[in-house]
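There are 2 protein chains.
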Amino acid sequence: MTVTAPAGFRAAGVTAGLKPSGRPDLALVVNDGPLAVAAGVFTSNRVVAAPVTWSRVAVGDGVARAVVLNSGGANACTGPEGFADTHRTAEHVGAALGVDFGDVLVCSTGLIGERLPMDTLLAGVDAAAAALSPDGGDDAATAIMTTDTVPKRTHVPAPDGASWSIGGMAKGAGMLAPGLATMLVVLTTDAVLDAEQADAALRSATARTFDRVDSDGCMSTNDTVLLLASGASGETPDQAAFAVALERACGELARALVADAEGASHDIAVTVVHASSEQAAVAVARAVTRSNLLKAAVFGNDPNWGRVLAAVGTVPEEVAPYDPLTLDVAINGVQVCRAGGVGEDRSLVDLAAAREVHIRIDLHAGDSEATVWTNDLTHDYVHENSAYST
Amino acid sequence: MTVTAPAGFRAAGVTAGLKPSGRPDLALVVNDGPLAVAAGVFTSNRVVAAPVTWSRVAVGDGVARAVVLNSGGANACTGPEGFADTHRTAEHVGAALGVDFGDVLVCSTGLIGERLPMDTLLAGVDAAAAALSPDGGDDAATAIMTTDTVPKRTHVPAPDGASWSIGGMAKGAGMLAPGLATMLVVLTTDAVLDAEQADAALRSATARTFDRVDSDGCMSTNDTVLLLASGASGETPDQAAFAVALERACGELARALVADAEGASHDIAVTVVHASSEQAAVAVARAVTRSNLLKAAVFGNDPNWGRVLAAVGTVPEEVAPYDPLTLDVAINGVQVCRAGGVGEDRSLVDLAAAREVHIRIDLHAGDSEATVWTNDLTHDYVHENSAYST
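Taken in sequence, the protein lines are chains S and G.
Using full-length UniProt numbering, you'd call the opening residue of the first sequence number 1 and step up by one each time.
Using full-length UniProt numbering, you'd call the opening residue of the second sequence number 1 and step up by one each time.
Among the hints, erroneous ones may be present.
As the list claims (entries may be wrong) - Partner residues are not named here, just some residues of chain G that face chain S (Cβ under 10 Å, in silico):
{"id": "1", "residue": "Arg46"}
{"id": "2", "residue": "Gly79"}
{"id": "3", "residue": "Ala195"}
{"id": "4", "residue": "Asn301"}
{"id": "5", "residue": "Asp302"}
{"id": "6", "residue": "Arg307"}
{"id": "7", "residue": "Glu317"}
Unchecked claim - Derived DEER-like restraints, expressed as beta-carbon distance ranges:
{"id": "8", "chain 1": "S", "residue 1": "Pro80", "chain 2": "G", "residue 2": "Ala353", "range": "45 to 55 Å"}
{"id": "9", "chain 1": "S", "residue 1": "Asp367", "chain 2": "G", "residue 2": "Gly22", "range": "44 to 54 Å"}
{"id": "10", "chain 1": "S", "residue 1": "Ala352", "chain 2": "G", "residue 2": "Asp135", "range": "41 to 51 Å"}
{"id": "11", "chain 1": "G", "residue 1": "Ala354", "chain 2": "S", "residue 2": "Asp323", "range": "23 to 33 Å"}
Unchecked claim - Chain S stretches covered by chain G per the calculated footprint, using a threshold of three residues with CB under 8 Å from any CB of chain G:
{"id": "12", "stretch": "64-78"}
{"id": "13", "stretch": "246-252"}
Read the hints as simulated data drawn from the structure, not as lab findings.
A quick note: this is a predicted structure, and the numbers were derived from the prediction, not measured.
Even for Gly, the Cβ is constructed at its ideal location relative to N, Cα and C.
With the rest of the complex left out, here is chain S (with noise of 0.2 Å):
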C-alpha cells in the first residue's frame, strides 16, 4: 500500500511537533530513481499557500527527488516571509538528501495566516531523512492527516500484467471543492514515463475523480496533487492501460477523501445522465451537492427531491440545456420526481439504511453522464469548522 509499494521509493513520517496534538505531522518521500520525473496540478484558487507557488515553479522542469509535507499549517497568506519559510525548507531537504533544492516539492495543510515555527519544521526534516524507508509509506500517510480520521492510502497494479504499480496517498476532510478538491495527495509509479506522458495522465486523471469530488463548496489555497516517476520496475507502460490504473488509484483516494469528510454520516453520489454534453453533467451534479438544503435533508433521511430540483433549476440554459418539464429525479432507486412533478411516493426511499446514497438526474437532453460526490450537512460538520482554529 501507499507511496513506497512501487519500486524506488523510500518514505518517512514523523512527529516534529506542529500539532499541538503531538500526533506526526512531518512526511518526506523520495525517488531513489533511476528517473525523476514529476508532473503536479495544483489547486485553481488565485489566493494560493506559498509551498503552492513553489511547487508550481519546481515541478514545471517535470523533475522532482522529494516531497516535503507538513501538517499543523498551512502556510498560506503568510506573505514573503512564508513563502521564504518555503524555500528554506526545500533547501534543507535538499541539503539532508543531497540532492538540488529546486528538485524538492513542498505541500504544507492545516490554518491559513499563521507562519510556520521553521526550528521545529526543520528538526523534523532531520528526522524525517534519518527516518527514510522502502516500507515508510504507512508513517508517511499518517504525518500529512489533519481532520482525517483515517490515512487515505492505495495501491493499483498495472491492469495488463505488467509489474509496473501505482501507489498513493492523500489527506484532506474539509475545505473540499473541486478546482481541486482541497487535499494533498502523492501518488508514485515504478513505470517509465517522461514528463510530458506524467503530466498529461495526471490531468485526465484529476479532472475525473478529485475534481468531482465536492465535500463543502469551499475550495482550498493548498491543493496539490503530485505523480512521482521512478522508472524503476524497468517497464514502459501501455499509455492507455496506464492512464486506466492512474485513475483508479485517483478514484480511490477521492472516494476515501468524501467517506471520511468532516462530521459528514452519508456519502451522497449525485448522478446526471442524458446531458448535452459531460461538460452539462457536470455543472447540474455540482449545483446540487452545492446545495446545504438538500444536504442537511438528507442527513436527516429525507428525500427532499424538491431541493434537487430547485438545486438543477440553478444552471444557466446555455451551460445545460434542459426542459424542466421533463425532469426526472431517483432517489436510491425510487423514482420520486417524474417529468418535472411528483413521481413514488418519497416514503419508500430509506435513507437512514446506508451511508451511501445515490441521486439520478435525468435531463432528457443528450447522451452525456457524470458524477460529483459529496456529503451531507450535519450538526457534526457545523461543530469541526466553528472550533478548527481555536
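Given the structure of chain S, go ahead and fit chain G onto it with the hints provided.
Chain G alone, transformed into the frame defined by chain S:
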C-alpha cells in the same frame, strides 16, 4: 405599517387550514385604485412554481387588482395539475372580488412537490375576501409566514415630504439566495405611477437589496416581489424620491429576512471596497457569503480570516481583477489581514458581543463597492432543514 399603510388598499390574513400547525396561511391584498398599476420581479431559477409561471404572465401588462398568497405549500414541481390549481385560484379570487382573473396575482410558499388541497384553499379565499379591511395588513403579513419567527413589515414615507408612501410585507427565512432571495414580497404605494415607472423602480431596488441577501446559497422556485400602485394619494412622485423610498423599503425588508434566517445566530455583512466595478464587488462578496467554512467559523465566534481569503480567491480574474498580495481584510474593524498576509492579532476581534458581524475586504483595484448580507451556519440551521418536510 405593512401593505395597507398607503391609501387605496385592503388586506386580510386567515387560517384556511393548509398548515398542520393551524396557524394563518392565506393572505389577500386588494388594490382599490383608482389606478391598478403593478410590476413584478421573479426568481431566476429555471425550475419555477406554478404561481410564478402564472403571475409572470398576469403582471406582464402592468395591471393587477389583487394578490392572493398562501403558505403551507409551494405548488412547485406539481406539473400541469399544479398550474391548473393556480389558475383556478385566480379565477376564484376574481369572482369573489368582481375583478378580471387575469388581474389576480398568485404567490405560494412551503414544501416543494406536493399539490395544494384546493377545497381548503378556495374556502380560505372566501373567508379572506370577507375579512378584507384597510387595517388588514398585519394579518396578511402573518399569514404568509413559514419558518419565519416574526412577520416582516415596512412603511416608508415620501422622503421629500409628499403625502404618498410605500408599505410592504415579506416572508422568507430559508432557501435564501440571490436571483432573487427566496421570499414573497408585496409592496404597495398610493403614489401615481405608470407601469413602466413601477417596473423600472422595482427592478432597480430589488437588484440592490433582495439580490444582495444570501442566507444559504439556495435559490428558490417561488421568489416573487410585487409592487402595486393605487394612485390614491393623487400625487405623482418625483422619480428619484420614489426610487430612494422604494430602495429603503426593500432594504428594510431584506435586512429583516437576514435577521430572521433559519437557525442563524449572526448576521454577516460582507462589504467589498475598491473593486474595479460594482459587479466585481458583488461577485467577491457573494463568494465569501457562500463559504460554509467561514459561516461555521462565525457561528463559533472565530474570526478565521483565512477562510475569507480562500473564498475571495475563487472568483475568476476576468470577473474581479485584483492582486492577491494586496488584499486587506478587516473583521469588526480589526485589520486581521494586511497585503494578503497576517495583520493584527485575530484575538482582538470579538464576535460574541453582537449578532451583526462586519467583514470588509479591500481589493485595491478600483473605486466601486457593494455589500452582501448572509448568516452564520449553525446547528439550528442544520436541524431545521433536516426535518423540514417530515
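Evaluation of the provided hints:
no.	hint	result
1	Arg46	holds (4 Å)
2	Gly79	holds (3 Å)
3	Ala195	violated (28 Å)
4	Asn301	holds (8 Å)
5	Asp302	holds (5 Å)
6	Arg307	holds (7 Å)
7	Glu317	holds (7 Å)
8	S/Pro80 / G/Ala353: 45 to 55 Å	violated (34 Å)
9	S/Asp367 / G/Gly22: 44 to 54 Å	holds (50 Å)
10	S/Ala352 / G/Asp135: 41 to 51 Å	holds (49 Å)
11	G/Ala354 / S/Asp323: 23 to 33 Å	violated (48 Å)
12	64-78	holds (count 4)
13	246-252	violated (count 0)
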